[in-house]
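A.B. asks: So the chains spell out like this:
Number of protein chains: 2
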Amino acid sequence: MSETTPVPVESGDKSATALKKEQKKLEKERKIAEAKAKKAAEKSVSGEQNKNEKKQEQVEENNSNWGELPMNQSKEKIKREWTDVSQLNESSVGKSVLIRARLSTSRLQGANLCFVQLRDGLYTVQAVVAKGGANSKSMVQFVGQVPKESIVDVQANVVATSVPIESCTQKTVELQVTSFFVVSKSTLLPLQIEDLSRSQPLLDKQEEDLKQLEQLLRNTNLNEQEKTDLEKKKSECIKFVNVSQEKRLDNRALDLRVPAHQSIFRLQSGVCTLFREQLLTEGFIEIHSPKIISAASESGASVFKLNYFNTHAYLAQSPQLYKQMAICADFNKVFEIGPVFRAENSNTHRHLTEFVGLDLEMTFKDHYHEVLDTLDRLMTTIFHGLETRFSKELESVNNQYPFEPFKFTYPSPRFTFDEAAAMLAELNDPDYIVKDNDFNTRQEKRLGKIIKEKFGVDFFIVDKFHVEVRPFYTMPDPNNPQWANAYDLFMRGEEICSGAQRVHDAELLEKNAKAHGIVIEDIQGYIDSFKYGCSQHAGGGVGLERVVMLYLGLGNIRKASFCPRDPTRLTP
Amino acid sequence: MSETTPVPVESGDKSATALKKEQKKLEKERKIAEAKAKKAAEKSVSGEQNKNEKKQEQVEENNSNWGELPMNQSKEKIKREWTDVSQLNESSVGKSVLIRARLSTSRLQGANLCFVQLRDGLYTVQAVVAKGGANSKSMVQFVGQVPKESIVDVQANVVATSVPIESCTQKTVELQVTSFFVVSKSTLLPLQIEDLSRSQPLLDKQEEDLKQLEQLLRNTNLNEQEKTDLEKKKSECIKFVNVSQEKRLDNRALDLRVPAHQSIFRLQSGVCTLFREQLLTEGFIEIHSPKIISAASESGASVFKLNYFNTHAYLAQSPQLYKQMAICADFNKVFEIGPVFRAENSNTHRHLTEFVGLDLEMTFKDHYHEVLDTLDRLMTTIFHGLETRFSKELESVNNQYPFEPFKFTYPSPRFTFDEAAAMLAELNDPDYIVKDNDFNTRQEKRLGKIIKEKFGVDFFIVDKFHVEVRPFYTMPDPNNPQWANAYDLFMRGEEICSGAQRVHDAELLEKNAKAHGIVIEDIQGYIDSFKYGCSQHAGGGVGLERVVMLYLGLGNIRKASFCPRDPTRLTP
Chain Y
1 MSETTPVPVE SGDKSATALK KEQKKLEKER KIAEAKAKKA AEKSVSGEQN
51 KNEKKQEQVE ENNSNWGELP MNQSKEKIKR EWTDVSQLNE SSVGKSVLIR
101 ARLSTSRLQG ANLCFVQLRD GLYTVQAVVA KGGANSKSMV QFVGQVPKES
151 IVDVQANVVA TSVPIESCTQ KTVELQVTSF FVVSKSTLLP LQIEDLSRSQ
201 PLLDKQEEDL KQLEQLLRNT NLNEQEKTDL EKKKSECIKF VNVSQEKRLD
251 NRALDLRVPA HQSIFRLQSG VCTLFREQLL TEGFIEIHSP KIISAASESG
301 ASVFKLNYFN THAYLAQSPQ LYKQMAICAD FNKVFEIGPV FRAENSNTHR
351 HLTEFVGLDL EMTFKDHYHE VLDTLDRLMT TIFHGLETRF SKELESVNNQ
401 YPFEPFKFTY PSPRFTFDEA AAMLAELNDP DYIVKDNDFN TRQEKRLGKI
451 IKEKFGVDFF IVDKFHVEVR PFYTMPDPNN PQWANAYDLF MRGEEICSGA
501 QRVHDAELLE KNAKAHGIVI EDIQGYIDSF KYGCSQHAGG GVGLERVVML
551 YLGLGNIRKA SFCPRDPTRL TP
Chain F
1 MSETTPVPVE SGDKSATALK KEQKKLEKER KIAEAKAKKA AEKSVSGEQN
51 KNEKKQEQVE ENNSNWGELP MNQSKEKIKR EWTDVSQLNE SSVGKSVLIR
101 ARLSTSRLQG ANLCFVQLRD GLYTVQAVVA KGGANSKSMV QFVGQVPKES
151 IVDVQANVVA TSVPIESCTQ KTVELQVTSF FVVSKSTLLP LQIEDLSRSQ
201 PLLDKQEEDL KQLEQLLRNT NLNEQEKTDL EKKKSECIKF VNVSQEKRLD
251 NRALDLRVPA HQSIFRLQSG VCTLFREQLL TEGFIEIHSP KIISAASESG
301 ASVFKLNYFN THAYLAQSPQ LYKQMAICAD FNKVFEIGPV FRAENSNTHR
351 HLTEFVGLDL EMTFKDHYHE VLDTLDRLMT TIFHGLETRF SKELESVNNQ
401 YPFEPFKFTY PSPRFTFDEA AAMLAELNDP DYIVKDNDFN TRQEKRLGKI
451 IKEKFGVDFF IVDKFHVEVR PFYTMPDPNN PQWANAYDLF MRGEEICSGA
501 QRVHDAELLE KNAKAHGIVI EDIQGYIDSF KYGCSQHAGG GVGLERVVML
551 YLGLGNIRKA SFCPRDPTRL TP
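Sequence lines, in order, name chains Y and F. Note that the UniProt record's numbering gives residue 376 to position 376 of the first sequence, counting from 1, and the numbers run on in steps of one. Note that the UniProt record's numbering gives residue 117 to position 117 of the second sequence, counting from 1, and the numbers run on in steps of one.
Note that these hints are calculated values from the structure, not bench results. Among these hints, one or two may not hold up.
You can't tell identical chains apart in this list, so a pair holds if it fits in one copy or across any two.
[Said to hold, decoys possible] In silico DMTMM-like pairs for lysine to aspartate or glutamate, Cα to Cα no more than 20 Å straight-line:
(1) 392 x 404
(2) 464 x 418
(3) 95 x 153
(4) 305 x 344
(5) 464 x 366
(6) 365 x 76
(7) 305 x 566
(8) 464 x 76
(9) 77 x 373
In isolation and in its complexed conformation, chain Y is listed as follows (with noise of 0.2 Å):
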């Protein structure tokens, strides 16, 4: 049986009178959504005094094929085949098959039939449930009326359709219910899942019409009958939900539901496994440094410091020492994926307070270019295997978040930085005339566009920073004392990682850190860590968050962090 008003698929490229047709249909589907989510949450939260004599209804009915099951607490072990909306497809068909999923919607049609969309994940099909043989009238009544967002045991045969279900992940098939339980009854929830779902374009539509109706009636020119009918348009024009950013992390565990956002992560956890993957296979080995460390690492402006029994610490800026004691130590290459804490009041899309730092750090043999090829090599293995891997999930964020492919090519572009600087200058614009040696953040997000033009790529690397604006750790340039061996790499024109090779003798360090205003005491250790032989060695740290970001073109790093940390946000 096949659902006869499929919902259509929103996208972000569809003409205007297709687009409002759409909205309205979808507008019509929401309030029918919530007043019957309504309906099912006051039922289910009245439900609780009256459960007896309502399951004494039930049985008068027969519900062995339906119903409300007990709180698993593993009585016991059941051995049964289950399969995974994900698994479903025309294979499927004419077999029975157990799953257990979300009931993410359910539309009641008369009396006799209901039709729910069951997801799992970023997966989702459609269910059928009829009245016929085992399936009683209060069997549809009930499914029908099971909150939202419910976790349900359904047994069912799979059948094609005729038609694909747009509205589903598996067009294909439909699932007929033959039997169907809740495991884990929702309540009502603060916010719908369909609002966190919807596809930013059509919020952005939504916006814009809003702003353009907005300015019209500004006009002090208007009569009282054109002021009537804007003010109708913009209320009509407010059709979907639009939850707020800060809205959605205070619901995190709803808002992470949603398939683009099941797919996030879902890549975020492929980046650290392409990470590692590349550097094991290159012979790095892993570390894991000490977060809680004696003195500041990086600068003691924006670093946490804690209370340490009867003394106090700080958190790690980062593992850039403990990555060199290690090369110090033998291990010749080494990576370390963990938590980096930064106390900088940074209110931006890309800062967080915490975030995943995926560092690495390897000697080489005659020039940093080794370690600079290692991570355009790591980098660019990592879109690739995301590109390939993961098209799936790629497809999902699509579906909500539209972004353009990421480009790239192997080996990436490469510049000095005063070769990226001219090509800002060319522009002609005093904007972008590169000032004090370092680009800002305006120049960078310009630079990756005219890259993007000329060379057709959204990943690149600035090699040859200029000394002043890197660390006090970071090798001169051998030919050009105002050099660095200090490189960046971009994704869109944005810094995904610094890098440099570092100075690896201790009477150089001793001496840039004291032309840095640095007290010698306090990194005496680190100093002297360098006198007992040192291989040259260079190494980067790359923001886990910010390539997700990025690579799928989110605009707010928020959405790249499970939890994320900002100086106004700590929870959840």
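With chain Y fixed as given, assemble chain F onto it according to the hints.
C.D. replies: This is chain F only, laid out in the frame that chain Y set:
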């Protein structure tokens, strides 16, 4: 050319005379080495002043194939083929190889011959510099004076040895040096690598002998002659510097160079790799939960507090709540590898204030044993992987810290808490009668012994701990309200993992929290998250350092932590 006096391997199972003889020889070697190191270091220190004069001298002698290289600033890219020490074996014979390694030891034999041991990580090889051909007498003398632990580039011909070189890991080959350059020169070491590498049984034997002599000296009936003899024996007995664990940690970068320690951290990296490999194969995804949190997650007593902008925050004592949040958010199987912070003032062999948690949480269909089975499969896969993939590292650890190979079966023996308590009760010893329904440390150790004797394994599981000793969020057993669906995993009689089925029902969770005297408002958000439908789930947390310590029988968790943190240690 083969060295005539190879240093014998230190081993724990030698006869007393052999051990004595060995000790004597090692002692002699130590004295020679120390004198030489001192001399070399003096030269190295004073060398700065007359470097130019010396360089001049060297040029006159023709040093095209030896000398000190300038600090590497990545001046040029040189295309050269490098060989790792680990790659050297019979198949290398007849080749000329280029190697970068540490000069581990060197021994001049007369004016024209110098034996050198080169070390890279856990691998060592013998090299010989002999006058003849392009090699001058000055070159031989230069090599003999290079400070130990300097990093050197050596070009050499590989030859087969007639007698295995027992003092090196690469026993069947030797290098005939044709060029020798110092890449990074070491200064006088605060601790000798030989002392840090000495086999533990040898040190223990010395300790024991010393104790015995001191006991004899305490005998008041001794005459003067006897006293003098014993004092002499005592002074002779102290042959080896026994570097304390604390002193080792104070000089961690040197201590980690020791082959056994190199191996420990390669194994630690291996545990993480195997953990992830197995879980990714089983469909888990990796998450990264915040470490800075707004409220103490487990217990207020043992939490670190920090300043967070204008408020304060805490360091996560476990990712428990976040793993469960991931479950509520439909990530059905999640794991995390990350730091865990405990402000407990425990100064024991197995407690750290910061350690690496290997955490997992997963939904199950019918019974939490699905999760316990996963944990069993996971741990035994890790043990198996260490055994098969890291034999060289295990051998290297075993050389310094001999240990009984870790025994396990799959599935592992599994007991209920009551069964395990009964096994202890059978001993008829009041010390082993379990009180307050929980084991103490001694009882756990003894339990490990009993199970090793009865079942021949070092890994086992205890299930069904009593509810009263587990956190409020633990699911009670459905058949016996005194029991919980809670388990611990043990290695060699020490707990390495604690886990349970969690309460996924908001109502029961609130009830249990109240019964535990918890203020509901403090955890309202946590309780609420289970109101919107949540699958039954269970999980556990494994301590990485404990797994490594116990697998290798190291006896102190600090040996398995890169830079351990305890109540009295915050550095390095």
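A.B. asks: Each hint needs a verdict: does it hold in this structure or not?
C.D. replies: Now the hints, each set against the structure:
1. 392 x 404: Classified as within: same-chain Cα gap 16 Å, cross-chain 48 Å, threshold 20 Å.
2. 464 x 418: within (8 Å within a copy, 67 Å between copies)
3. 95 x 153: within (16 Å within a copy, 67 Å between copies)
4. 305 x 344: Intra 13 Å, inter 18 Å, cutoff 20 Å: intra and inter.
5. 464 x 366: within (17 Å within a copy, 59 Å between copies)
6. 365 x 76: Answer is between; shortest inter-copy Cα gap is 11 Å, intra-copy 61 Å.
7. 305 x 566: both (16 Å within a copy, 17 Å between copies)
8. 464 x 76: between (65 Å within a copy, 15 Å between copies)
9. 77 x 373: between (53 Å within a copy, 13 Å between copies)
Checked against the numbered hints listed earlier, the structure breaks none of them; every hint is satisfied.
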